[in-house]
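Position chains B, C and D relative to chain A; hints supplied.
4 protein chains.
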Amino acid sequence: MTTPIGIAVVGAGYWGPNLVRNFQGSPAFRLRWLCDLDVERARRVLGGYSTVQVTADLDEVLADPEVQAVAIATPAGTHLPVALAALRAGKHVLVEKPLAATYEEGRQLVEEADRRGLTLMCDHTYCYTPAVLRIRELLRSGELGELHFLDSVRINLGLVQRDIDVVWDLAPHDLSILDFVLPDAVRPVAVAAHGADGIGAGRACVAYLTLELSNGAIAHIHVNWLSPVKIRTTIVGGSKRTLVWDDLNPSQRVAIYDRGVDVASPEELGDEQRRDILVSYRSGDMVAPALTEREALRTMVDEYARAITSGEPALTDGRSGLRVLEILQAASRSLAEGGTMIKLDEGHMA
Amino acid sequence: MTTPIGIAVVGAGYWGPNLVRNFQGSPAFRLRWLCDLDVERARRVLGGYSTVQVTADLDEVLADPEVQAVAIATPAGTHLPVALAALRAGKHVLVEKPLAATYEEGRQLVEEADRRGLTLMCDHTYCYTPAVLRIRELLRSGELGELHFLDSVRINLGLVQRDIDVVWDLAPHDLSILDFVLPDAVRPVAVAAHGADGIGAGRACVAYLTLELSNGAIAHIHVNWLSPVKIRTTIVGGSKRTLVWDDLNPSQRVAIYDRGVDVASPEELGDEQRRDILVSYRSGDMVAPALTEREALRTMVDEYARAITSGEPALTDGRSGLRVLEILQAASRSLAEGGTMIKLDEGHMA
Amino acid sequence: MTTPIGIAVVGAGYWGPNLVRNFQGSPAFRLRWLCDLDVERARRVLGGYSTVQVTADLDEVLADPEVQAVAIATPAGTHLPVALAALRAGKHVLVEKPLAATYEEGRQLVEEADRRGLTLMCDHTYCYTPAVLRIRELLRSGELGELHFLDSVRINLGLVQRDIDVVWDLAPHDLSILDFVLPDAVRPVAVAAHGADGIGAGRACVAYLTLELSNGAIAHIHVNWLSPVKIRTTIVGGSKRTLVWDDLNPSQRVAIYDRGVDVASPEELGDEQRRDILVSYRSGDMVAPALTEREALRTMVDEYARAITSGEPALTDGRSGLRVLEILQAASRSLAEGGTMIKLDEGHMA
Amino acid sequence: MTTPIGIAVVGAGYWGPNLVRNFQGSPAFRLRWLCDLDVERARRVLGGYSTVQVTADLDEVLADPEVQAVAIATPAGTHLPVALAALRAGKHVLVEKPLAATYEEGRQLVEEADRRGLTLMCDHTYCYTPAVLRIRELLRSGELGELHFLDSVRINLGLVQRDIDVVWDLAPHDLSILDFVLPDAVRPVAVAAHGADGIGAGRACVAYLTLELSNGAIAHIHVNWLSPVKIRTTIVGGSKRTLVWDDLNPSQRVAIYDRGVDVASPEELGDEQRRDILVSYRSGDMVAPALTEREALRTMVDEYARAITSGEPALTDGRSGLRVLEILQAASRSLAEGGTMIKLDEGHMA
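Chains as they are written, first to last, in the UniProt record's numbering: chain A, 1 to 350; chain B, 1 to 350; chain C, 1 to 350; chain D, 1 to 350.
Note that these hints are calculated values from the structure, not bench results.
Pairs of lysine to aspartate or glutamate residues, derived as EDC-like cross-links and limited to a Cα-Cα distance of at most 16 Å, are as follows:
no.: 1; chain 1: D; residue 1: LYS230; chain 2: D; residue 2: ASP246
no.: 2; chain 1: D; residue 1: LYS230; chain 2: C; residue 2: ASP246
no.: 3; chain 1: B; residue 1: LYS230; chain 2: A; residue 2: ASP285
no.: 4; chain 1: B; residue 1: LYS240; chain 2: B; residue 2: GLU143
no.: 5; chain 1: A; residue 1: LYS240; chain 2: A; residue 2: GLU137
no.: 6; chain 1: A; residue 1: LYS230; chain 2: B; residue 2: ASP246
no.: 7; chain 1: C; residue 1: LYS240; chain 2: C; residue 2: GLU143
no.: 8; chain 1: D; residue 1: LYS230; chain 2: C; residue 2: ASP285
no.: 9; chain 1: B; residue 1: LYS230; chain 2: A; residue 2: ASP258
no.: 10; chain 1: C; residue 1: LYS230; chain 2: D; residue 2: ASP285
no.: 11; chain 1: A; residue 1: LYS230; chain 2: B; residue 2: ASP258
no.: 12; chain 1: B; residue 1: LYS230; chain 2: A; residue 2: ASP246
no.: 13; chain 1: A; residue 1: LYS230; chain 2: B; residue 2: ASP285
no.: 14; chain 1: C; residue 1: LYS230; chain 2: D; residue 2: ASP258
no.: 15; chain 1: D; residue 1: LYS343; chain 2: C; residue 2: GLU337
no.: 16; chain 1: B; residue 1: LYS343; chain 2: A; residue 2: GLU337
no.: 17; chain 1: B; residue 1: LYS230; chain 2: C; residue 2: GLU293
no.: 18; chain 1: A; residue 1: LYS230; chain 2: D; residue 2: GLU293
no.: 19; chain 1: A; residue 1: LYS343; chain 2: B; residue 2: GLU337
no.: 20; chain 1: D; residue 1: LYS230; chain 2: C; residue 2: ASP258
In isolation and in its complexed conformation, chain A is listed as follows (with noise of 0.2 Å):
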């Protein structure tokens, strides 16, 4: 076995304790500092009998020669400047979701990394979960046949955020999800998104998401703050078979139904007369594949380790981080006029 990686954590607020977490349990790291402002704070999160050592000083992490790497759970706002001081320093970088405040900040970072060669990753957790592995796999492999629709809700009754509306605190859940699971040669090209601030907090607490494909197909994500009841459900409608994730549901977060509506094919079809007799219902199975019941988190460690060690890119590198805030900025944009239809132009980096 190798040396473990020297690591600091930055951030000790709400996700910073899942990152201590596992990077204490995983082999490939040695996690060396936690990082925060507020040094009590940090001490809480270790509690009263770790030997991590804890700082509020960035400077004497970024010091430290035993660090090769950093794990930033920070406000958003503050990835550009913590990142940025992190790689000048030589240092691997892996970002909370989203990977910065702004796609023109996010793109300064994946530059940053690239000119030095190091790892740039954006902890995209959901597309670690097992049931998102699948689904990836599922849909990359063609067994779910061309996708047609994808359907995504998740809502709760959630914190209100002082800096961000709805859409920038949920929707990088969907948005990286999708970003994942999609074949490489189906991409979004336009977005359109529609909120509401019924409780006057000043900002989007409902909003909907409507991604068109390049292939056609429609993606849709309803993310909403003011739900007492809590759902995370996403179907991936394809046209050979269709699945459902819900993730609240343990003992079954993945069904996949070969149900669906055949469609003779086009050089079949007599006049368009006919065509309602040519669309028959298939009432087929269901079938709940036995996922393993892993940490999403401690994937996402082992996939940074990998990705240090390798050299290779992360399976949620920078890019695709900054390919979630390019449809975040063009979603506020939209909410902005009312609801257009706002084009994406992933061309410039990708």
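Relative to chain A, chains B, C and D alone:
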């Protein structure tokens, strides 16, 4: 007890048998005829033990002086001529949703009925479910507070129709419910629609409607013919309580959550920076009220009798059918224009 | 097509209307009479548009030469005289469950039908649901492996009956299903029953039946009139697969789990101490087969026609009704004796 | 704040890590030692960043004057010697359920703790869930009315244990909950057990316990290692309300139904024949109270601290552990005797 109203059902296809059964079961009506171009089909619907008369000739029905009212369950494209003929013959008219194939046709029906002082009612069946009646009561009485959002999902494997897309097939249910439960002061003012035709059926099989309401709230409808899982869930988010109606959960169709997000009123707010601490959760109880399990069609039939007898408009009268048609038509235009938000202009007939 | 079998339904109470509707819907039968001591009730059941004859006089029905068969849905206490009269009049007989009020009465019916070569069938409706037909097929074909346990829960707010306790009211369903799905080689050999009369109704309102099966497996039935939640779930645990039938989940009534516990065969076992490592999990997929949604009563009616026409015993013939009665009677004895395990003695008539 | 209580956890197997985590998280305790015969296993449990001491030598732990209390999570067969040694060393003792391997052994522990004036507590974790605490409150305060029945199902694919059957493995949860929620005046008076060993494991893998309560009510427990579906549902039927606890439904763990069956009081009853009309339904609302989501073990740890500090018995003290053992032992006897109802004799130590 007064003499029952003589009624004829026109159309023995998908919906006609339900009307036949419910008019037969109602003491307020006496079913005289079942009329269908396919007499054999009409006979099959009645079964081998019935005393009800069958005919393919609408004129024969309309000429029968014992028939005071008709119920029309023919394809939408025929609603205008059939209903017009019935009104001109002096019969009260109930029409299956949608009221007509176009807003213009619907308007002709409303005007004709007005002119003749006859009842024109639209069979918006869902409005007569115990659940929707309760939602109407709770929302209009203010028990839920002001409406923030309404989210409706109606998806299933559905028959891909020859003439109409999924919006015209399924959204009339949700739009009529919305029309029914909204307080009088709150009205839809604009609609945008996005859709996709994944299977090459020549019309949208998946669609999303977003409605702006006059109080700033949002209503959203997801209709889908391609989903192997059946979902019929509506969330009604109010400022005081949020209600979830799950039509597929007979043991708990309606759940009212006294949970939510509290925002301090603007005058209490110091500065923007403290906003996040001024939003707090209420984590209250949920109540699932005991609802009767009465068949909606039975209640609808009673309402038809009440409207005929009293001369008052039915709860779902021709005008409500017209309001639904206006939104459907605007949604179609939005769909054709790639999702533009289309203003509604309710003024003309209300 | 052959001439339909003339049939009369006797009893227009709770169950009779379902029989009326299904015999009317079947081309194999021609419904001649609905007979009930309360003629008005019978008229209400048929409704105001029916050509079927009504009478309070069973003799009039039995004297009608166009009646070849009867279906009896009167209280259990009257099954013996009504069915006996019908058999003696040369009519085939279908009896609502339970076959009779006692085992001895049921035996008289079986013997009378045997003597006269007439069909005697028990309306064990649940046996004809698509789910139970599938369970029977899977269990008898060996696809589930050897039966280890069967656990059935049938609870709801139920009408507290005047004459019978919850065991006689509800357990016939579960016992007839058990009788129906078991492989021929496996039979119940003993039963114990525990119950309670929480509400002072004078009879058990909650009861648990435990059956020992001839292969060492266990079957357990929970019936309950006092539960505000409705549960109808049966788990069939086999050595290869385990099946769960949730009758209240229309989208997934039957689920077959390829999960379980593997035990090494005895000869492979070293010593007792290593047993714990010889038991391992299989964490396989779950399959929910597509089932038709045919009404069970329709299939039951078809089976009645098949039995009458072919002269072969119905799948749920008098003997199966008798086996259920034997267990019910033994359960009552066990209940009275505080839960003693009562041996069953199936030999006498099988 | 007072000085934290020095604590040692003994046993680093399945349950030990949970105790370690919760004692570390509690300000009332200071974790001094983790003791396990397998020191490497103990080290793995603590992880590579811990300051807690590890040892295989119980005597070393008991000799440490900074240790005032121990928590024992070793196999049940070792509870007696380990706990006895700890008590004799003057330490307070918390024991994982069951209290001991036999009633006799459990009694020795209770007596030893009594003699020395030390706290002896049994870790009946489920009793400290917010749901069970609420059930206790509702049942003991009379809000549910008098108890009619309690039905508990705890089934899942479970590890077939080497030493114990499914009754000893799982039923302690249900029996301790029963003991915890019952009003003082209502006690189990007899128990019968039925079981089966479908897979040839040499011990019952499926079992049903029926308990007679002193007020005539019935309690029933289904425990099962062979079920591929996981169910953890308890129904508490009272004369006023019925409560359903579904531990696997985080959004609605407890539901209280104001529905039920009303029976007229005996004096109002005319004669037996009219009984059926004197039983009527109440079809009231259901309320799902908002429960906190506090980890049960955290509350249990607090209660241990409270008991030690105050010198008062813990809510789940040694005596409650003993009452559970008495029932387990009687259930085993019943199982061996084929289901005989075994009288309980609570008198001896209560």
